[in-house]
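> What follows is each chain in one-letter form.
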Amino acid sequence: MKMADELQESSQGEMEGVNCLASDEAILAQQDRIQHEIATTNPLVSGRQDLSVLKGEYAAEDTIYQLKIKDLHKTYSHIRKTRPDGNCFYRAFGFAHLESLLEDSKELQRFKDVAAKSKLDLVNQGFTEFTIEDFHNTFMDLIDLCEKQQSLGELLSSFNDQSVSDYIVVYLRLLTSGYLQREHGFFQHFIEGGRCVKEFCQQEVEPMSKESDHIHIIALAKALNVPILVEYMDRGEGGTVNHHIFPEGREPRIFLLYRPGHYDILYK
Amino acid sequence: MESKYNLKSPAVKRLMKEAAELRDPTEHYHAQPLEDNLFEWHFSVRGPPDSDFDGGVYHGRIVLPPEYPMKPPSIILLTPNGRFEVGKKICLSISGHHPETWQPSWSIRTALIAIIGFMPTKGEGAIGSLDYTPEERRALAKKSQDFCCEACGSCMRTALQALSPDSDLRPADPQAHRLAQQINFKAESSSDSAGASAASSQAEQHSTSGSTADDRDSQDSTLAEQSGSTSLAPQTSAEGPSSVAPSPRQRRTQNQTQSPRYPAFTASPVAQQPPQDTGHTGSVVLIFLLTLALAALIFRRIYLANEYKFDYEL
Chain C
1 MKMADELQES SQGEMEGVNC LASDEAILAQ QDRIQHEIAT TNPLVSGRQD LSVLKGEYAA
61 EDTIYQLKIK DLHKTYSHIR KTRPDGNCFY RAFGFAHLES LLEDSKELQR FKDVAAKSKL
121 DLVNQGFTEF TIEDFHNTFM DLIDLCEKQQ SLGELLSSFN DQSVSDYIVV YLRLLTSGYL
181 QREHGFFQHF IEGGRCVKEF CQQEVEPMSK ESDHIHIIAL AKALNVPILV EYMDRGEGGT
241 VNHHIFPEGR EPRIFLLYRP GHYDILYK
Chain X
269 MESKYNLKSP AVKRLMKEAA ELRDPTEHYH AQPLEDNLFE WHFSVRGPPD SDFDGGVYHG
329 RIVLPPEYPM KPPSIILLTP NGRFEVGKKI CLSISGHHPE TWQPSWSIRT ALIAIIGFMP
389 TKGEGAIGSL DYTPEERRAL AKKSQDFCCE ACGSCMRTAL QALSPDSDLR PADPQAHRLA
449 QQINFKAESS SDSAGASAAS SQAEQHSTSG STADDRDSQD STLAEQSGST SLAPQTSAEG
509 PSSVAPSPRQ RRTQNQTQSP RYPAFTASPV AQQPPQDTGH TGSVVLIFLL TLALAALIFR
569 RIYLANEYKF DYEL
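Those protein sequence lines, which keep their order, are chains C and X.
According to my numbering, the first sequence is numbered sequentially starting from 1.
According to my numbering, the second sequence is numbered sequentially starting from 269.
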């Protein structure tokens, strides 16, 4: 039997012409199932919850995490969760920032100008205008909503409307991609696998559900000039969470909690 | 049509826009929604020159999912062409192992350019693909001009703008060609092979051309530069951004020079270019070896049984 297994394995290279198709179907179906399960248990963006909810997510004897949660409590009081669907960084960023604009009309005006101008930058970089303008319009509409309605409830329900919410994510991904490509000379050094910045953007930034790393965060923070602080909470020893500010040395406007593979929003 | 659809629906909004953008036939492609269904389009594409499809104009359907553009369109050819099965759904997915990498900023036009570019590539036994001989394809190309679509009423002779002598024969071609190498037209198959695994990396080579990076005039062309799928380890196919994906012809010769004798043992996910042409040979070798293995097991079984019997008799 083992031999047969080995044969199976070694022949995969040959069979791929035929089998990858069927296997893609299977993978797709499985992904759909998983996504559906995640979707039914997690809203795209949750309500604001007391930070103590974190405690219940880990075993009481899980001292590494329990100590770090305690450490988080020193600075933060609340958390807002996002659906772990690979778009969480963009959704968390988008929501946290727009929410902060509800109470900061000066920043709102600045942000609105930057956002309005951003489409032109993308078009000048070669993005097709008629395909990106829907995403841009949705983004601008939401900023307008923050300006005119000033309603957190409206913002939250927009972010939980899959199509609106995903369009925002698409646009933030495009902004990230655009900035990375404009500054490709700088970012090239941080890209693994011998890919150029453009390839990286088309594989890791623009497609939906692709997770974000430092490079994405720094690009989006700079593209919109919104400094982001990320608290990193993982299995590392030390009992305290570490944070990074993107870009370094700036006064952060929004606070995110990173646990391996996922971002949520933190509130002081 | 306007009144029939919810204009607030993102898909409707987008498709209306794409319909306007593609309203006038170009020399190489044309697509419009059916009168009564914005989510089903019919398209016509000109077979790429310098290929067996030269002179052909092919017709087909595009079915848009309600989630479009968040999810990719599906494509169905209606004209016999010798490359794609007629009437079979082939869904536009970017590389077999990265079905999720469809990008919402791509469009139906992107898909049309991909179809044109994809025609001269080899079918390689993929579901929904055909590998007709050049003669058959040329005959079908000629015949394709006679096709008239009952559903949308367009006739292939007049569906596209005529090629004028001074028009660029291959405007979309280099771009479409590169694009096609990144895109898999994936048949919607009901067959579900358990033996298949994601580990069988598509391992397409990177196709990049940094030089065109600056003058891209549309997102479509950037798609062409997207690197191929290297699902296991992107690093393994790091030929560097200067490498260019081989043309199908190059691939063929490349594959012919590879020893086809025991491909089953040389294939590895790390392989830059899996011997695609030897897929059939591989299956045969595999079947042969499995039969041998089975025979050996049965033989052993019989032998053991006999031995037992001998012992007993002794």
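Hints are computed from structural coordinates only; laboratory data are not their basis.
Beta carbons are placed, not taken as given, at the ideal position from N, Cα and C, and that holds for glycine.
Be aware that one or more of the hints could be misleading.
What the hints assert, rightly or not - Pairwise CB distance ranges, derived in the manner of DEER restraints:
hint	chain 1	residue 1	chain 2	residue 2	range
1	C	K55	X	A287	49 to 57 Å
2	X	E335	C	E147	27 to 35 Å
3	X	Y273	C	H73	45 to 53 Å
Claimed, not checked - Take a look, some chain C residues computed to stay more than 12 Å from chain X by CB distance:
hint	residue
4	T128
5	S163
6	R173
7	G236
Said to hold, decoys possible - Computed list of lysine-lysine pairs in DSS-like fashion (alpha-carbon distance at most 30 Å, straight line):
hint	chain 1	residue 1	chain 2	residue 2
8	X	K411	X	K390
9	C	K210	X	K285
10	C	K268	C	K55
11	C	K117	X	K339
12	X	K276	C	K210
13	X	K281	C	K210
14	X	K276	C	K148
15	X	K390	X	K272
16	C	K222	C	K55
17	C	K106	C	K268
18	X	K272	C	K112
19	C	K148	X	K390
20	C	K70	C	K148
21	C	K148	C	K55
22	C	K117	X	K411
23	C	K112	X	K276
24	C	K117	X	K272
> Against which earlier hints does the structure fall short, listed by number upward?
Violated: hints 4, 5, 6, 15, 16, 18, 19, 20, 21, 22, 24.
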